[in-house]
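Undergrad: Each chain, letter by letter, is given below.
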Amino acid sequence: MSVTVRIDPTLCRGHAICALFFSDGVELDQWGFGRVIDDRADSARLVRRAHRAAAACPNGAFIVHDDAAAPVLGVNATP
Amino acid sequence: MTVLHDPGVDGDIAATAPWEAEPIRIGGLGEPGTLLLSGPGATPEGEDLAGHVTRWGHLPGLDGTQVGALLRDSRLEGRGGGGFPLARKVETARLSPGRPILIINASESEPASRKDRMLCSQRPHLVLDGAALVARSLGVDEVVVHAHRGGASPSGSLTLAIALRSAARLADPVWRLSEGPDRYVSGESSAVASYVDGGEARPLFSTRPLAVQGPSGRPTVVTNCETVAQLALIARVGPVAWNALGAPSSPGPRLITLVGAVSHPGRVLELTGPGTIGDLLAADGVLAPPAAVLVGGFAGTWILGEEAWQTPFSRQSLDCVGASPGCGMVGVLPHDACALNETARIVRFLAGESAGQCGACVAGLPQLADSMEALARGSFRRRGVKRMTDLADTILGSGACGHPDAVVRLIRSTLDVFQDDVVRHLAGSPCRGSDHSPVLFVPDAAPGPLVDGRKWT
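These protein sequence lines map, in sequence, to chains D and U. In our numbering, each number is its position in the first sequence, counted from 1, plus 2. In our numbering, each number is its position in the second sequence, counted from 1, plus 2.
Here chain U stands alone, though its shape is the one from the complex (with noise of 0.2 Å):
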């Protein structure tokens, strides 16, 4: 396991996180060389052309054929949340009427997820190179990176990473950058689509994948940017060699953040091989199992310390514990902290975080953020778990976006693995934590969901 971390992305979470210059390798798999994060510290600038070359040489001289043959035999899986084989998104989009529109999404909307800004920031090239293998693929000659406006935007480290490849005239296809609202859903892929279309920057609703067809009528790929990333490492040390860097059920190297008690919150860990949860949280300090933690995102799953502690990080284990690898986010949550505040403010921030655009987001989510805030305090009682339960049923799969079934499924989730605390609350007992300051980094959420169109380009 590789640890790095940029300590100049974010003053919230970040400030005090060190810088490592050694890579770590718990797995004890790859080369020290062949990983997204070997090679030098963060700078400013993040790593440039020179280095880039001098570490990887120059991208091979491909045919989107041969792309097409890595993305199969790697198995590569997006890393931007659904884990969706890009080989297949890629193939959809091939076979599809129209000249395809290639979208890298970096848009990294997952509040406490720091790995898609750490990567574009120090190692744009990577991305870039991994980019262009896609349009090689897809036969098109222009790519949108697309990534939200902010301080904590990546834009910058990558207009200086394109200029200097024109500048070294590398085979590149026509790069256009993109910057977009700094929403919650904003991010979403379909969201990016149609902003990057000239709409507004909010969740479509269609019939047909993008892949298919996107909003401008034509197939529409939105891949993350670090899935794009770890192609530019396949098409180096081989599909086969990149696969067996991770887990059977999840090929290859992947990027953790680290959030909430850890001694480094926002530090971004490269694992490979078979970690577990409690190997990710021993690379920072962590020694014993923690109360719980939450996997995948602020639309992610709690598992109980000791569980997690043992579970390796990977789709089929997480699988058996009702979690998915999602962003790569890993929350800590500490024994003297309460998990049913943490899940009410998330909850309150994913609810002020909706595009306000249907009726599962619009009328469900506020009534599901003041049940659980209510359970929260403890002002509940049995017969309002129930209320919240059926809303949560009412709402799952009711939108046009996966937003209300993720907020559904945390809750499900918070209400499974804290039974025992769910009860305590019910019972208006004191709560151990009720009065922890907040562990997760939940920023406020915007003032509202309201339709306004400027807020949404």
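Pulled out of the complex, with its shape left as it was, chain D reads as follows (with noise of 0.2 Å):
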């Protein structure tokens, strides 16, 4: 069981939640907005942090892809 995750800039307001809970893939700009650093969780703690990163998450933006689901491709992928 492994987990990609993202934040959608549109919705992230800088609470800066995300980072006290997926502390290991997220790191804050100067106005504490998040950015995923390293977007693969793929240990049960990884896990577990994510998903609980982005329950807390006030805006919703924090997205948690389960692996097994759906193929997640990068934004500038391709067209």
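Check each hint, because a few of them may be wrong.
One-sided and incomplete, this derived list gives chain U residues near chain D with beta-carbon spacing under 8 Å [as the list claims (entries may be wrong)]:
1. 207
2. 209
3. 324
4. 326
5. 360
6. 361
7. 362
8. 365
9. 396
10. 401
11. 421
Calculated directly from the structure, the hints in this document are not laboratory data. Beta carbons are placed, not taken as given, at the ideal position from N, Cα and C, and that holds for glycine.
Each of the two chains sits in its own frame; use the hints to bring them together as a complex.
TA: Printed below as a string of structure tokens:
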């Protein structure tokens, strides 16, 4: 079981809560907006933390994709 | 190179532009009758259906597979700015689950660009022919043509053209004209797709390309109106002949808008063959290299005049100087103007034209605009430049769309190309161009990027 995480920058308002729960994969910029630096969570512990971060984000900006459900493409991957 | 201009599009920059009845082809390539701008001069309604059919004949009865082959063989690339191969977009949409949606993007958000409006208003049937072909290759029977609202909208010409085609009972798809907010980022493809789907005309964040899955859940192809008009030519002259009208790395002819210090700002040219930027400028009476040119749009790249003069306007050659064709805009900076002033005005405009969604635009761009203005005024110290470039590094890649990245690239290009000017401005030395009137046509930004649902629908 593994997941891929994303932060939707159009929803992120810089509450920075994701950085508390998913501290290994998120860094904050100078204003506190989160940025994913490691989008993979492939241990049970990390997957749990990813889901916690998603649940805690007040704007629903922290997104967890189940890798088994659908492949995640890069935003600018193709067309 | 064919020169054509629509004198009636925009009073701001085109009022003095002449109407060229005789095509000029500097590259010497292309039969006079085989280009987008060949044919009659500009009229308020544009070329009518009878004239179009007389010159081009009816649209060949190609099926979807044959159109797909044309797209692949011609290597047609998007003309809206990204330069993405249309064949791949179409193929991706065809292979993705769901019935595709086709949107022709005639927004032309770039304030200084005129080529899309001119094309839609003067050659509406080439645009519609091409759109009908893409619809066939996607197997869809409805096409949305989207434009911005406002005085410069080509919707009137398109409405008339569609009525004529309907009366003539052409084998067309169902046309749907869409008009959205006249904002810079509202012409971005995901913003257009969002608006057409009933949402706001603001860029979307998505982990999937539109052609795989758009906001409606269906594969969505958004392609520029010049791109599809080129396909209408390809269907007539054949992909190989069409391809040869461009440079090896830039297939086919291409529309260019000249702005800034040229004799007729807003003039639209059609470039064939490996013409240089110098050739383009010479066609408008510029006889010596200017100080610099801004290539590709406001979100483009500066090139020093001497270098630009020799540089062919092709993807590969522009790539060598860090630029790309973008939307085909070429802005000319004269020797007595200040590039930092011009850039500061553009950055301020782009900062005000963000959709106000992501941190990069909301928090970052106003700061970048302040910094550029301080640098242009000469009230900046060296530490400030470092802070500005650090800020630019932070912003790059952190937005949902390419808007903040474009501003970052413009600023990097400015600092890179005009190093001498930057040093002079930092030293507080008087700038030769500080009193120069604005060169590039930069409109006032909208009152602000604040989120107000009404502004975006």
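Undergrad: Each hint should be assessed against the structure and marked as holding or not.
TA: Hints and how they fare:
1. 207: holds (4 Å)
2. 209: At about 5 Å, which falls below the 8 Å cut-off, the nearest Cβ of chain D leaves the hint on residue 209 (chain U) intact, so it holds.
3. 324: Since chain D brings no Cβ nearer than about 19 Å to residue 324 (chain U), farther than 8 Å, the hint is violated.
4. 326: violated (15 Å)
5. 360: OK, holds: residue 360 (chain U) within 8 Å of chain D, min 4 Å.
6. 361: holds (3 Å)
7. 362: It holds, given that the least Cβ distance between residue 362 (chain U) and chain D is near 7 Å, below 8 Å.
8. 365: holds (5 Å)
9. 396: holds (5 Å)
10. 401: Since chain D brings a Cβ to about 6 Å from residue 401 (chain U), closer than 8 Å, the hint holds.
11. 421: Violated, about 26 Å.
Taken one by one, the earlier hints fail for this structure at numbers 3, 4 and 11, listed in ascending order.
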